[in-house]
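Make the full structure from the sequences, and use the hints.
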Amino acid sequence: ETGVTQSPTHLIKTRGQQVTLRCSSQSGHNTVSWYQQALGQGPQFIFQYYREEENGRGNFPPRFSGLQFPNYSSELNVNALELDDSALYLCASSLKAGGYTDTQYFGPGTRLTVL
Amino acid sequence: DQQVKQNSPSLSVQEGRISILNCDYTNSMFDYFLWYKKYPAEGPTFLISISSIKDKNEDGRFTVFLNKSAKHLSLHIVPSQPGDSAVYFCAASGNEGGSQGNLIFGKGTKLSVKP
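Going line by line, the protein sequences match chains A and B. With the working numbering applied, the first sequence corresponds to residues 1 to 115, in that order. With the working numbering applied, the second sequence corresponds to residues 1001 to 1115, in that order.
Hints listed in this document are in silico derivations from the structure and should not be mistaken for laboratory results. All of these numbers come straight from a predicted model, not from anything done at the bench. For every residue, glycine included, the Cβ atom is placed at its ideal position computed from N, Cα and C.
Partial chain A-side listing against chain B, Cβ under 10 Å, derived:
1. Tyr35
2. Gln37
3. Gly42
4. Phe47
5. Gly56
6. Gly58
7. Leu88
8. Ala92
9. Thr103
10. Gln104
11. Phe106
12. Gly107
13. Gly109
14. Arg111
Calculated Cβ distances over 10 Å to all of chain B for the following chain A residues:
15. Lys13
16. Ser27
17. Asn30
18. Glu75
19. Asn77
Footprint (simulated), chain A over chain B, 3 or more residues, beta carbon under 8 Å:
20. 1035-1044
21. 1105-1114
Structure, rendered in structure tokens:
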């Protein structure tokens, strides 16, 4: 059973650019959540995808968008990057069944630096 | 306004002794609580959870206590080992009848276990 993987591990972008981060869910999981962890803070919920549809969103602007694919892998896209977007981006996968969501398992994260 | 608070940024404990990590929450709608631990350069790893219908859950050396009236939970590690040194995050979820939805995290407590 493979765990949650994310790519790339590190990324450097300049302000105004766009970025795409990728996540492969743990085998058997149908739900993926994305979190942003700024330095010295806990992870902050961005949004969740279930069966390719957005299933909840945190307090992030529309320039943060996502996709979930039929194989349950996922992308996080951020447009018009700002300096404050510099953070560790975490993906977590889980199994949602019968209206209940099981434990979320996290990937190692992508460290994004915006210059 | 922080809904999940970990007021101790750090904790140092001697090997073999008990580690007690504390967490307070403000939202009475939270009904599921989790602890994750995080090593540097890794994603958070699920440790233990508790539903609001319980006041204690135990898994090996780890026990989580929930005091709903005080909106307080704690994680006890007995006995503490040097490998337990990590950042511990408290997280809460709600409005899904005991299921995990969007996780709200505290800022974390860095535990150091000294040999």
